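Here is how the chains run, residue by residue.
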Amino acid sequence: MSLAIIDARQWQNRFDLESGRKQDDDHPVVDMVSKVLSWNHYPGDMDDRANQWVSRTALDLIDRYEPNLVCLSFVQQFFANRHFDYPPDVRDKMFFTVMEDAFKFIAISGYTPVIIGTGGLVPLKGEMNLSGLDGLAVSSNWSARYCGIHWPSLADMDLLESLKHLGQIERIVSKAEWIQFVKAEQPDLKIHQDIALMPDFLAVAQQGFAFKTVGTTLRKPVNIPENNFKVPVYTPLGKIDDLRQVKHLVRSNLEHHKIALILVEGVGKHFFPDNSFMCSNGPGWFCNEPGDAFYLTLSTGKHDPFAYPAGYRSFDQDAETIKFPFSGYMTSIPENTLALDYSGKSIAVGNRSMFMHMMFGVDISIECFARNLFNQGCMAVVHNRDKKGKGDER
Amino acid sequence: MKCNFCEHRCDLTKGKSFCGMYRDEGGSAVEVYPDRWCTYSASRVESVPFYHAWPGSRSMIIGTAGCNFRCKYCSNAFIACRNPADVQDVMVEFPAEKLVAMAKKLGCHNIIFNVNEPAVSLPSLMRVKEYAEKEDIPMGCLTNGYTTEESTLMLADIFSFVHVGLKGFTNKFYREYVGIHNIDPILRNIYTLSQHCHVEIASPVIENVNDHELVDIAEFICDIDPDIPWHVFRLLPEHDMKEFKYPNIERINQVLEASRKFLPYIYFHNFVGSNWVNTLCPECGAVVIKRFSLGCSGDRLDEFLAPGNICSNCGTQIAMLGTKVAWNEKRKKEGV
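Protein chains in written order, with this note's numbering: chain A, 969 to 1362; chain B, 486 to 821.
Think of the hints as simulated: they come from the structure by calculation, not from any bench. There may be inaccurate statements among the hints.
With the Cβ distance kept under 8 Å, some of the chain B side facing chain A (calculated, not the full set) [claimed, not checked]:
#, residue
1, 523
2, 592
3, 734
4, 777
5, 794
None of the values given here were measured: they were computed from a predicted structure. Heads up, the beta-carbon is just placed ideally off N, CA and C, and yes, glycines get one too.
Next up, chain B with everything else stripped away, as it sits in the complex (with noise of 0.2 Å):
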């Protein structure tokens, strides 16, 4: 019996999936760990990062444990890459009610998976959504897109807005430092999701591995939709990369000035301080979201300034999913 819910189709009747999230139940995947979480904690938008989706907006970040990947720099391993069964005694136990009745009480707008790979845990995922709707809370995600087809699309159908992690854009980068063989799932889960949801992109930079594909991840995404905002990460070397070299910040945004012609919405940053994290104008080029940088899970909205979405200096309307949302807007309506 073969798990559906990632491109490793992992064989359950041997045990466990490659995550360690699901098992084989009378020929179904069921998840070991269900309604299980590492986390609820108020955080911004802005901090996971979505730039063009609800700015402004206070968000319930949540993950739970496990991933299908086992990516060289996994700033999150310690949760991540772990056997899920080892690390239950940091979890909380949140059935779907409870966990949208924690975002209410947080005053949060919307909820964002974000530690780990939301496919590890597709079921809880649903019954959340099923209570959030009813409570107008949209949810969003990270991924890093290495989902089937079925299961892309119970993605798309839980997830109003989705990044996907395009780390690399070639086989062998994904084979040494990622641990799979096979890149072109995750490129056709960028075009479905696309179809479907507001999708943000993106890439973390490692100097003289894969920075010379770079251009190649922003023609890629312009081919499928311009409007696409791609996040080019500098590498934070974390896990087994420790000892890598912060990538040189000049010299990569030099790569990335060539792209920002035919893809307008590139940002560089993962670095505190950042110059790289506003929002300009697709036509005039006038900064329309100013933001800071406050490096990895840290940045926040500074002032926006595109009322309706709508570049005050010359109408251009400016990709986003939603619109500019008050921090303290679900407590203003609660009248907290």
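Looking at chain A on its own, in the form it has when it is part of the complex (with noise of 0.2 Å):
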């Protein structure tokens, strides 16, 4: 059993994860996480400190847990800059930063360090409205590619059709191609969701243009995801070519090596070290953007853009059977995470709200709560309290 311990800044409650039923559990690790929280309020998405909260947090569970696998996800920038225009310097010394910190983080906590940014930033050039289609568009909050299309009429396949004359968008695909495609390199791939409740159609836009259809945010974004079908990492541990080999890499060192994997939202190939490289972010015309996707390859080792799929029409879903009210949109814990099964201890701590407890499977995790950018306070989760370290085996 998974408890989530919520902490709304000098109070907090305990629940079951999957029920969201209140839970009383004294267990000395939940002791410690529940302190852990206390000291450590998130300052908010669009706070400068936002990322040293996640540093400092972090290092505060490292103290006392002393974990041999530690995921990070360092978000500030990424939320900043969706929203916001900033000066060009001042855009640049945040993404600067952001690296200052994560290295920081390194050189305190003395972890092996394996840091992937998701992928630069690109000037929005302008929003295909699809609200008035007689079937209906979907897309989401934090995407700007890819957009569901269910039950389009003809009219709307022309109006989709002339906005690829026009340049805005890439590629539609149908929803048997769009399986078929991600199948063809992955045959084993299961598809968790309700395939009915997926789009008829994938419209997939050119770089720069985003959606704006039912589930787009109210503000509008002035910087999306470039197409990055090529994000950088930099490790000592040796060289990937492709995200999907990421698993494989911390599992295979982690012997050996204290592993810090640290997420960088929103940072491109300019703000890593020379020493850096570059890997692939998805199979053909297919690239990850920033979220569940990207953050479920790294860590399962396989592309799932069926976890969540583009333009899934989650709001039909039976509501009465949804479990894991904290969860988000997540109605499981993904299976193969890349420390589920992981018999050292692990943690993750992130700015990517409702988010970490499910990516990584590892034992403690502690994120902030926000929506909309609107800070409600942070959530730990203690999905295994019962592993021994090193030191406690002695």
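Fit chain to chain and form the complex, with the hints in mind.
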């Protein structure tokens, strides 16, 4: 059973992660995590100190839990640049600072780094408003490149084709083609979600364009992710060519190294050290945007765009049967994640909200609890409280 | 020529209204941006939050731009407190008929206006109501209640369930934190609305600012109708109040305990994991509706334990507009 600890500042509550019901638990590891939460209040997604909160919280957990594997995500610079237009020097400083924060964490903790950027951002060139379709267009707050088209009429398809001719849509892919395309490379890939709620067509935007549909944010983005077919990696552990090799790289080195896997969102090659390298971020025309598919790819070693398919009609899921109320749209704990079957100790800390506890399968996670950039507090999840480290065994 | 939609009663011959949404045309107040919406999305009715209207139902959330208040803690300031002319690039244009058709496409049981103040878009909303009524789609809204007597009746005509923000209980609070001088029209309108439609009330609590007014507010609500649900919101420090501290949960709840004796449906939330979001039977205290609190705009139904709105334990009627609606009820009716 996994336990969620919610910290709303000066006040905490404990819940069973799956059912959301209140749950008392006074295990020493749970109490330790509660204390770390109460010492580290999240300053907010747009606050300059948001990334330092990640480092500080992780270091507090490391002091008390001594994990071999640490997974971190630094996201403040992505949130800020997505929504606001900064002068180039301010923007660059933000990206250099997050890299400094990552290396400072490595210097203090002594962990061996695997630092991965989700790739750079580009200014929004234009939005394609698909609100008026006869069918239904569905995109999400954080996606720019992908949009699901449900029940399109012939007129809708003509409109999409015209956007293609205008150079705003790159391609339109049917559901069957999309599934076949991903399965061609990974025949054993399971689709856990309801295929009936996947869109009939996937519309793929040209770089710089985004969709405006149901599900997209009230706040117009200023910058959106580039088409990052390759993303930067820095690690002394050896070169990889593909994001799917991260899992093996980390797991195969854990016997001799304490490893910190650090994701820096919205950061491209320019801000990485010279001795970093690029690795592939998706098959063919598909590249992961920063978000669930990206995290799951490196955590599971497989591309899984169907974990939460773009354009999915999640609002048509049967709400009465959905579990994990504190886990956003996730309806089950993903399989084969990085630390799920790892016998050593592991933690994750990040300012990707309601996300970290599902993506890495670590023993303990702490993440901010924010919605639409509003700071609600923090959440810790203790998936596993009974592991013993080398010191504990003695 | 004065605008008669809210109590600012702006002189439109001098330009647009305070909210930036009305102008003078031939002696009438007309909308500057009719049929333009900042959002349309499917959400849970509890997330608005309505706790005693159509529990469990799927709502299409809509909003426009502009507001007649300038609350220092506004969570939607980026759309509500800006000049509407400056945010038109984020709006989508839907004539009323198409907006209602979208609610059907999204499988929604009802439509709720909740991003900004509905008084700034009443003619558009009146048109939506005409089509929604034909499709048997009830409408609800959040309002600050600062409407004229005439437009309050328009609100009551359009919306069958209304959530009024009663943000404090003194002119001083409204002057300093909201930007208006007189609370009386709001108190008047709460009474009027309660006579015509289902009303819930929300009050944000700011420690050491308006927490001493909580008992007065509870008594005011009780005098109108003790069955009115009251949502006390812990302040989420946003906008101009980012540096304010988060109110102490235990202390505020202790203050509310006394009022629960005479006002049975008091909820304390707007923070993740609240213990005070369940509905208790006013007679026997049994839990009749269980909810999860996922913080601001995130609450959801867990279990509805009062079939027919009757407490299973003692048979007491629970105050409710409509009754539990399955999330996928509309889809099932359509055979989807």
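Here is what the structure says about each hint:
{"no.": "1", "hint": "523", "in the structure": "holds, 6 Å"}
{"no.": "2", "hint": "592", "in the structure": "holds, 6 Å"}
{"no.": "3", "hint": "734", "in the structure": "holds, 4 Å"}
{"no.": "4", "hint": "777", "in the structure": "holds, 5 Å"}
{"no.": "5", "hint": "794", "in the structure": "violated, 19 Å"}
Going down the numbered hints, you'll see the structure goes against just number 5.
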